[in-house]
Every structure is written in C-alpha cells, then in structure tokens.
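Asks: Chains H and R, in that order, are what the protein sequence lines are. Under the UniProt record's numbering, the first sequence has 180 at position 180, and the numbering climbs by one with no breaks. Under the UniProt record's numbering, the second sequence has 53 at position 53, and the numbering climbs by one with no breaks.
Think of the hints as simulated: they come from the structure by calculation, not from any bench. Take these hints with a grain of salt, some might be off.
Note: identical chains are not told apart, hence a pair may lie in one copy or across any two.
Cut-off 27 Å, straight-line C-alpha distance, at most; resulting in silico cross-link-like pairs (DSS-like, lysine-lysine) [said to hold, decoys possible]:
1) K44 <-> K271
2) K28 <-> K271
3) K44 <-> K279
4) K358 <-> K46
5) K33 <-> K46
6) K271 <-> K46
7) K44 <-> K354
8) K46 <-> K260
9) K46 <-> K63
10) K46 <-> K354
11) K58 <-> K28
All of these numbers come straight from a predicted model, not from anything done at the bench.
Here is what each chain is made of, one letter per residue.
Number of protein chains: 2
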Amino acid sequence: MKRSFVREILESIDNETISFAGGLPNEKLFPSKELKKCASKVLKNKEIYQYGLSNGIKELRQKIAKMYCNSGFKTNEENILITTGSQQAMFIISKYFENKSITLEKPSYLGAINIFKLNHIKMKEVDLKKDGIDIKKFEKSFAKTKLAYLIPDFQNPTSTTYSKTKRDEVAKIIKKYDGILIEDSPYSELYFEKKETLISSQIPNNSFHLGSFSKTLSPSLRIGWIRASKELIDSLIIIKESIDLHSSGISQYILNEYLKDDANFEKHTQKIRDDYQDKMEYFCKCLDKYLPTFKYTKPKGGMFIYGSFKKIDTFELVKKAMKEKVLFVPGNQFYTNKEKINNEIRFNYTNSSKKDIKKGIKTISKLI
Amino acid sequence: MKRSFVREILESIDNETISFAGGLPNEKLFPSKELKKCASKVLKNKEIYQYGLSNGIKELRQKIAKMYCNSGFKTNEENILITTGSQQAMFIISKYFENKSITLEKPSYLGAINIFKLNHIKMKEVDLKKDGIDIKKFEKSFAKTKLAYLIPDFQNPTSTTYSKTKRDEVAKIIKKYDGILIEDSPYSELYFEKKETLISSQIPNNSFHLGSFSKTLSPSLRIGWIRASKELIDSLIIIKESIDLHSSGISQYILNEYLKDDANFEKHTQKIRDDYQDKMEYFCKCLDKYLPTFKYTKPKGGMFIYGSFKKIDTFELVKKAMKEKVLFVPGNQFYTNKEKINNEIRFNYTNSSKKDIKKGIKTISKLI
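Let the sequences and hints guide you as you build the complete structure.
Replies: Below is the structure:
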C-alpha cells in the first residue's frame with residue numbers, strides 16, 4: 001500500500017506554499033494561552049504521570065457523555081472510549097470488523113479508505129446525492145454488508161450535509177437489518193447555520209459515533225472518542241489496550257481541565273465557526289471570480305469546498321500547481337479506485353489567509 | 001479474546017491495595033516540576049498545536065538518534081519512528097508482519113503475546129535459560145520463522161539478562177538466515193551494574209529496536225520509538241499514519257524540551273536506578289525471610305523479581321491474595337498456553353513503599 005497522497009503533500013509544504021490541501025485548522029485560533037494555563041494547573045500533580053485506564057480518564061469521559069446528554073442523547077461514561085484522535089477510533093473499529101464488508105459514501109474520507117484496506121475490509125461504495133446517500137442503493141448494499149460508514153455532517157470531502165429525511169431513512173434501515181452504523185462526526189461542531197441531529201441518537205445500540213477535539217481545540221492533543229453501547233465499548237477496549245495501552249494522559253488531563261469551563265469552550269467554538277464561515281464566503285467569491293468554470297455547492301459547515309470542472313484532469317492540474325507552490329487535493333484520491341481520471345477538487349479554506357486564498361486561486365486559474 | 005489479566009487487575013486497584021502486579025514506575029520519582037516548566041515553555045507557541053509529521057517531530061527524533069550514536073550505534077533521525085508508547089511500536093510491527101510466524105521467549109511479555117494473537121501471528125516459544133534464550137532451539141525455530149521477538153535486557157517477566165556470548169550468537173543467527181529481530185528494550189536504562197550492548201547494534205539493517213520513555217520519565221506521555229533501517233521505517237509509517245496520524249504533539253514537544261538538558265536526564269535516570277536497586281534488595285530480603293520456599297534469581301536491573309514455588313498453584317494463590325488486597329501476577333499469564341497450572345510468580349518492586357513490601361509479602365506467606 002502507498003502512503004496517502006494528502007499526508008505526503010502535507011509533509012512537502014514549506015513556508016512559501018499556499019495549501020488548500022489538508023484539513024488543517026486555523027493555527028491562529030488555537031487557544032494556546034488557556035491550554036498553557038490548564039497545563040500549569042494539572043502538571044503539578046504526580047499522579048497524572050502514571051499509567052492510566054485504557055478507556056481514558058473518567059472525568060473526561062464524563063464530560064463527553066454530558067455533551068451528548070445536553071443534546072438529548074442519553075449517554076454515560078461507560079459509553080465512551082477515549083482514542084488517540086478519531087483516526088484511531090476508525091482503526092480500532094475496523095480492526096474489530098476485519099475481513100468484513102462495509103457500505104460507504106462515494107467519495108469518502110481517504111484516511112478511512114486506507115484503514116479499511118489495511119484491515120482487509122471490502123468496500124461497497126454508494127453514490128452521495130445533494131441531501132445525503134442514495135437511499136435505495138444504500139439499502140440494497142446495507143442488506144448485504146450490515147455495516148456502514150457515513151459522515152453525515154459536512155462530509156469529507158464533499159461537505160454534503162444529510163437532510164432530516166435522509167437521517168431518518170438511514171436509521172430505519174440500520175434498525176430493519178439490525179446492523180451497525182459508524183457515524184463519523186469530526187466536523188459536527190463547525191456548523192454555520194444549525195447543529196444537525198446525530199443519526200446515532202436514533203439507534204444508540206446499533207452505532208459507533210465518533211467525535212474529536214482536533215477541529216475544535218487542537219489536533220496535537222490527539223484526543224478523539226467513540227460513543228457506543230457499553231457492550232460494544234467493552235469489546236473495543238481489548239483492541240485499544242493492544243494498540244497503545246491508553247492515549248496520552250498529559251493530553252487528556254490538560255483537555256479535561258480546559259473543558260471544566262464549558263461556557264468558554266462554547267465561546268471558543270463559536271469564534272471558529274465565525275472565522276471559517278467568513279473564510280468560506282471569501283473563498284467562494286474568489287472561485288466565482290477567477291475560476292468560474294469550477295462548479296460547487298456552498299457548504300453549510302465544515303472545512304471544505306468540493307466541486308468539479310467539466311473536462312479538466314485535476315490530478316494533472318495539481319502537479320502543475322505544486323510547481324507554483326499551490327496545493328489542493330484532486331478528487332480521485334477520495335475514491336476506492338483512484339486510477340480513474342477525475343475532474344473534481346477538494347479545497348480546504350480554513351488555514352489560509354484571505355490574501356493567500358486570492359493569490360492561490362488566481363495561480364490555479366492561470367494553469368487551466 | 002479476553003482482556004489482559006494484568007490490565008484488569010490494575011484497574012481494580014484501590015487505595016488500600018498493595019500491588020506487586022503491574023509494571024508501574026515509582027510515582028514519587030516523576031520529574032513533575034521540570035516537566036511542568038518545559039510545558040510552560042513550549043505551550044506558548046501556536047504551531048505546536050497543529051497536525052504534525054506521522055514519524056514524529058524532527059528535533060525529538062534527532063535527540064533519540066544521538067542517544068544511539070553516543071553508545072556507538074550509528075543512527076540518524078530517519079531511522080527513528082516516534083510511537084504512542086512502545087506498546088504501539090509492537091502493534092505497528094506486528095501489523096506489518098500479520099499472519100507470519102515468530103520465535104519468542106518462553107515466558108514472554110503478555111502484551112506482546114496479545115498483540116501477536118490479534119494480528120494472527122503464529123508463536124513459537126523457545127525456553128529461556130539463565131543467560132538468555134536456548135540457542136540451539138532458537139536457531140532451529142528461527143530457521144523457519146525468520147522473525148524473532150526478544151527482550152534481552154532485564155526481561156519481562158523473568159528479569160533475565162542475556163550474556164555477551166548469547167547476544168553475539170543471536171546476532172550471528174539473525175545474519176545467517178537474513179531474518180529480522182524485534183529487540184524490545186523498555187528496561188535497558190534501569191541497570192544496576194552496567195548498561196548492556198544492544199543486539200541490534202550488530203545487525204542494524206535486520207532489526208527493529210524498541211525504546212520508551214515510560215520507565216525513565218513518565219508513561220503518561222505515551223512516547224516510545226522504533227529504531228530501524230530507513231527502508232523498514234518507511235514501510236511502517238504507512239501503518240502508523242493509519243493508526244493515529246501521529247502521537248500526541250503536546251507530549252512530544254514537552255519531552256523534546258526536557259531532553260535538551262541531557263545531563264539532567266542522566267541524573268534523573270540514575271536516581272531511578274538507585275531507588276529501584278534499593279527496593280529490589282529490600283524485596284529480596286523480605287522474600288528470603290517470609291517466603292523462603294519461593295526460589296528466584298536476583299535481577300540485575302529492570303522492575304521485576306521472578307521465581308517459583310515447588311508445588312503451589314499461583315493462579316489460585318492470587319485469587320486468595322486479592323481478597324486480602326495484595327496483588328501479583330501468576331506466571332501462567334506469560335505463556336501462550338495460559339491453561340496449564342503454573343507455580344511461578346512475577347513480583348514488581350518499583351511502586352510500593354518498603355512498609356508495603358514487607359506487609360504484602362507477610363500477607364502472602366500466611367496464605368500458603
């Protein structure tokens with residue numbers, strides 16, 4: 001297996017590069033002062049330096065459980081498993097289902113595609129429509145796989161957001177076949193209009209719901225989590241323990257301290273939403289002005305703008321753009337069969353200044 | 001698969017328990033003041049909160065490479081992969097070798113045994129002698145598996161330390177069959193007499209050498225590493241990336257800051273060695289006094305005393321001891337076939353006070 005193109009791109013970035021490639025949060029918004037203060041407070045205590053529980057420190061699991069309860073989704077700390085980023089959550093669950101088949105969106109998160117391959121999971125892709133997955137095709141596929149991987153909120157890469165109807169229909173199908181949904185929600189808090197209702201809340205015993213602090217606080221913490229029934233969590237702990245015993249205690253304690261002030265966390269998240277919405281609007285304006293042949297749907301949240309040209313091979317285009325120090329991800333990366341020529345692009349808008357957004361899009365416009 | 005008995009025991013410990021079970025470092029020796037100071041210094045910088053490289057931050061890899069160079073083992077940062085504890089190092093390598101066969105010591109580290117099972121690796125156990133693995137049987141097994149997992153320094157669970165001759169013989173066999181050695185060294189720095197020479201230094205392209213800061217600094221950091229040829233490291237990065245993208249950046253940056261003062265780190269490690277040697281001597285004295293029928297070899301380093309009774313089923317004994325709030329690990333846990341009755345015990349001596357050591361051993365003596 002080859003390394004992911006996006007990770008390779010990320011590692012080739014230098015100071016002069018304008019990158020619309022990765023899913024990087026805006027560095028300027030990291031709450032460094034607050035996190036430093038929290039660290040000073042907790043790093044005094046000797047006991048935080050010891051080995052900890054495989055499922056994560058109890059206080060942190062309780063706080064995450066409370067977030068679910070606040071939105072009406074009954075959850076307690078036994079339903080939570082802390083993971084080293086939600087990437088690890090995906091890996092643990094995939095290891096649990098190794099050699100099985102899975103229904104997923106077409107296109108989908110390429111990190112997940114790589115994890116499925118690594119764990120010998122056969123992937124059945126189902127087309128994404130504007131309001132979510134194609135329901136008829138989904139049911140046909142799910143009837144066989146009994147396992148699905150979906151990103152219903154501001155999907156990666158397409159930013160598609162599932163309608164209320166689609167969410168209900170998916171939940172109904174999962175129940176009908178008594179299967180399992182893996183609902184991946186790294187972007188759920190990055191909404192511009194309203195927070196969507198999790199599909200998992202309708203099927204609490206037939207779902208893994210994945211969350212992360214990477215997009216709201218800091219990816220460097222590497223703290224994500226899985227919400228599932230106690231029985232499913234217990235099965236996963238064996239795998240979690242084998243993979244790394246437990247996630248960084250230092251990260252967990254600092255984060256736990258930060259979350260004690262939930263009003264402040266909400267204020268911080270709102271600041272990110274405002275900043276990203278502003279960036280997104282500006283990005284769209286520049287696309288319309290300098291790349292009018294690029295057709296896209298305006299996102300309702302998240303970190304990406306996805307769209308397509310009529311006839312441009314975007315994999316060839318990115319190679320040219322890289323020479324001009326501008327990066328984006330060609331759409332072919334998000335399909336299980338990457339060989340097919342593809343005319344789509346995913347742009348990330350969260351980690352570039354407005355000046356660079358304009359400059360980067362203008363540079364691309366000169367290459368087509 | 002069931003959860004590891006040791007982890008389950010660890011999670012059942014309360015304040016009144018005297019535990020000789022886990023491999024827990026002495027909490028009192030964690031350098032909390034220094035680590036807190038390092039955190040205050042690095043957590044100011046916004047850039048440390050961003051996503052990082054999958055193989056780990058460069059400065060930290062350089063410092064680890066320098067440690068190898070200092071002992072005459074040529075290494076640079078491209079030979080190092082930072083992992084979420086050396087537990088994850090084991091998982092990544094095992095995933096890389098999934099479905100293969102491996103030669104390992106009998107008994108061996110139970111975390112490794114669980115990882116091999118999880119990755120469908122067939123285990124071929126070879127007896128441990130007082131000076132290391134039985135060389136004739138090792139060669140016979142390695143000729144077939146071409147892959148070995150050994151813990152030559154203060155082995156877990158037996159505290160066995162390989163002689164110079166055994167190290168040379170193992171290296172020769174690995175070379176002869178052009179196979180691979182996984183050399184696990186979490187305890188190497190915890191020597192009471194002298195530092196041993198790594199087998200990997202004789203076979204730099206045919207080995208994975210695993211190290212960790214869990215025993216010298218803090219397990220809560222969850223920072224370990226793999227040293228291997230650049231080619232082997234590059235193959236592992238794909239798996240590392242899929243498992244958690246990268247290890248906690250917060251942990252890595254704090255640790256990197258701490259290691260800038262290597263004289264201080266060495267002084268700290270010496271303090272740990274002195275403390276553990278003192279505890280070990282006291283533990284042995286109590287064993288000789290209160291449990292004279294328990295036969296063991298005095299360790300030259302590490303965290304464990306291993307030995308056996310003539311005719312006592314230690315799995316039954318630990319169940320009785322648990323009721324009296326004293327814990328240890330019965331030897332059967334360290335064999336691939338745990339069902340066999342076993343008369344062996346692993347005692348950890350690093351995380352109990354002298355008072356508790358005496359009290360715990362006396363309690364056990366009353367149960368036999």
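Asks: Does each hint hold? Answer for all of them.
Replies: Each hint, compared with the structure:
In this assembly of identical chains, the alpha carbons of K44 and K271 lie at most 27 Å apart only when taken from different copies (20 Å versus 30 Å within one copy). In this assembly of identical chains, K28 and K271 lie within 27 Å of each other by CA distance solely inside one copy; the values are 11 Å within and 41 Å between copies. Taking CA atoms no more than 27 Å apart as the test, K44 paired with K279 passes between copies only; the shortest distance there is 25 Å, against 39 Å inside one copy. In this homomeric assembly, K358 and K46 come within 27 Å of each other (Cα to Cα) only across copies, at 24 Å, whereas the closest approach inside a single copy is 50 Å.
Taking identical chains as interchangeable, the C-alpha atoms of K33 and K46 lie at most 27 Å apart whether they share a chain (23 Å) or sit on different chains (9 Å). In this assembly of identical chains, K271 and K46 lie within 27 Å of each other by CA distance solely across copies; the values are 16 Å between and 35 Å within a copy. Taking the closest pair of Cα atoms, K44 and K354 come within 27 Å of each other only across two copies (25 Å); inside a single copy the shortest separation is 41 Å, beyond that limit. In this assembly of identical chains, the alpha carbons of K46 and K260 lie at most 27 Å apart whether taken from the same copy (20 Å) or from different copies (22 Å).
In this homomeric assembly, K46 and K63 come within 27 Å of each other (Cα to Cα) both inside a single copy, at 23 Å, and across copies, at 25 Å. For the homomeric pair K46 and K354, the shortest alpha-carbon distance between copies (19 Å) is at most 27 Å, but the shortest distance inside one copy (45 Å) is not. Proximity of K58 to K28 under the C-alpha cut-off of 27 Å is restricted to the inter-copy arrangement: shortest distance 23 Å between copies versus 31 Å within a copy.
When held up to the earlier numbered hints, the structure conflicts with none and fits them all.
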